[in-house]
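The residues making up each chain are set out below.
Number of protein chains: 2
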Amino acid sequence: MMKIKQITDFKIGDKEFFSKTVSESDVYLYAGITGDLAPHHVNADYAKGTRFKERIAHGLLIAGIMSSALTKLVAPGAVTLAHEMHFLAPVYFGDTVYAEVEVKEIDMEKRTLLLRTIVRNQRGVVVLDGTALEKFPKAA
Amino acid sequence: MMKIKQITDFKIGDKEFFSKTVSESDVYLYAGITGDLAPHHVNADYAKGTRFKERIAHGLLIAGIMSSALTKLVAPGAVTLAHEMHFLAPVYFGDTVYAEVEVKEIDMEKRTLLLRTIVRNQRGVVVLDGTALEKFPKAA
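Same order as they appear, the protein sequences are chains A and B. Heads up: the first sequence runs through residues 0 to 139, numbered per numbering that gives the first Met the number 0. Heads up: the second sequence runs through residues 0 to 139, numbered per numbering that gives the first Met the number 0.
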């Protein structure tokens, strides 16, 4: 059994958090699952010649880790309708990312929440900044 | 050795494709990597009571599979600056998704490509519709 969340459970400014150290295995498993084996993610030799100098995590993997904070806040209950995100700095293997999601707008008519989604690294640098739109079904 | 792509290699209308049958293991591994274990993804008993009736894949996992087409088109060379996406229909375990990315705008000044990113299921239903902004470094 679990408590299903309703849109009436939320108010502007509600927040949730999640953090994780991003490992090589995270990136390699993610690459295999998605099929996205771009060399800046999985080829250290190639990465040396890029401005990043080392392999970096997929931006959408970092977004997925951010979604973990989203899930802590709105699930079970809501599903995601839309995401919009900007990748502002690279995440290296071994970096620790801190995701924070915050309710910015509540539309009771449409039963949607608009959330700001921010991920910072261990030095406080914002690596991802975006928004997510969450929708709640009609209460049973 | 590999050929590094430059923005001058692209023209409006260039396309790339990737398809994959989404498995339970994809969703479960992705859930473990990201930490996003929302019950509509990993709890079949809970999912029965939702409007989806069954567990569904994470929207951002489908976006990651779409990125595989993006990588085929622009890597090695470009990195993603931004994504914007709408999740229009659920993807069930066993569904086959077909991703298509297409160059819509080219900004030679900023060395960016704007791409339309669409993912359809095996019945042709659009499950994800969005855009991605890709940036190329200065030519060496």
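Hints in this document: simulated from the structure, not taken from any laboratory. Heads up, some of the hints might be wrong.
Treat identical chains as interchangeable: a pair holds within one or across any two.
[Unchecked claim] In silico PhoX-like cross-links for lysine-lysine, where the CA-CA straight-line distance does not exceed 20 Å:
(1) LYS10 / LYS47
(2) LYS137 / LYS19
(3) LYS47 / LYS14
(4) LYS2 / LYS137
(5) LYS4 / LYS71
(6) LYS19 / LYS71
(7) LYS19 / LYS47
(8) LYS134 / LYS19
(9) LYS14 / LYS103
(10) LYS47 / LYS137
(11) LYS71 / LYS10
(12) LYS52 / LYS4
(13) LYS4 / LYS47
(14) LYS2 / LYS47
(15) LYS103 / LYS2
(16) LYS52 / LYS137
(17) LYS103 / LYS47
(18) LYS134 / LYS52
Now for the hints, and whether the structure bears them out:
Taking the shortest Cα distances, LYS10 and LYS47 never come within 20 Å of each other, neither inside one copy (46 Å) nor across copies (29 Å). With identical chains, the CA atoms of LYS137 and LYS19 are never at most 20 Å apart, being 34 Å at best within one copy and 33 Å at best between copies. In the homo-oligomer, the alpha carbons of LYS47 and LYS14 never lie at most 20 Å apart, since the shortest distance is 38 Å inside one protomer and 29 Å across protomers. Taking identical chains as interchangeable, the C-alpha atoms of LYS2 and LYS137 lie at most 20 Å apart only when both belong to the same chain, with a minimum of 15 Å there against 52 Å between chains.
In this assembly of identical chains, the alpha carbons of LYS4 and LYS71 lie at most 20 Å apart only when taken from the same copy (11 Å versus 40 Å across copies). In this assembly of identical chains, LYS19 and LYS71 lie within 20 Å of each other by CA distance solely inside one copy; the values are 14 Å within and 29 Å between copies. Taking CA atoms no more than 20 Å apart as the test, LYS19 paired with LYS47 passes in neither setting, with 25 Å inside one copy and 31 Å between copies. Proximity of LYS134 and LYS19 under a CA criterion of 20 Å is satisfied in neither setting, with 26 Å inside one chain copy and 27 Å between copies.
In this homomeric assembly, LYS14 and LYS103 come within 20 Å of each other (Cα to Cα) only inside a single copy, at 10 Å, whereas the closest approach across copies is 36 Å. Only between protomers do LYS47 and LYS137 lie at most 20 Å apart by alpha-carbon distance; the minimum there is 16 Å, versus 52 Å within a single protomer. Taking the shortest Cα distances, LYS71 and LYS10 sit within 20 Å of each other inside one copy (15 Å), while across copies they are farther apart (43 Å). In this assembly of identical chains, LYS52 and LYS4 lie within 20 Å of each other by CA distance solely across copies; the values are 18 Å between and 44 Å within a copy.
With identical chains, the CA atoms of LYS4 and LYS47 are at most 20 Å apart between copies only, with a shortest distance of 17 Å across copies and 47 Å within one. Taking the shortest alpha-carbon separations for LYS2 and LYS47, only the inter-copy value of 15 Å comes in at or below 20 Å, while the best intra-copy value is 49 Å. Proximity of LYS103 and LYS2 under a CA criterion of 20 Å is satisfied in neither setting, with 23 Å inside one chain copy and 44 Å between copies. Taking identical chains as interchangeable, the C-alpha atoms of LYS52 and LYS137 lie at most 20 Å apart only when they sit on different chains, with a minimum of 15 Å there against 49 Å within one chain.
Taking the shortest Cα distances, LYS103 and LYS47 never come within 20 Å of each other, neither inside one copy (40 Å) nor across copies (31 Å). Within a single copy, LYS134 and LYS52 get their C-alpha atoms only as close as 40 Å, which misses the 20 Å cut-off; across copies the closest is 17 Å, which meets it.
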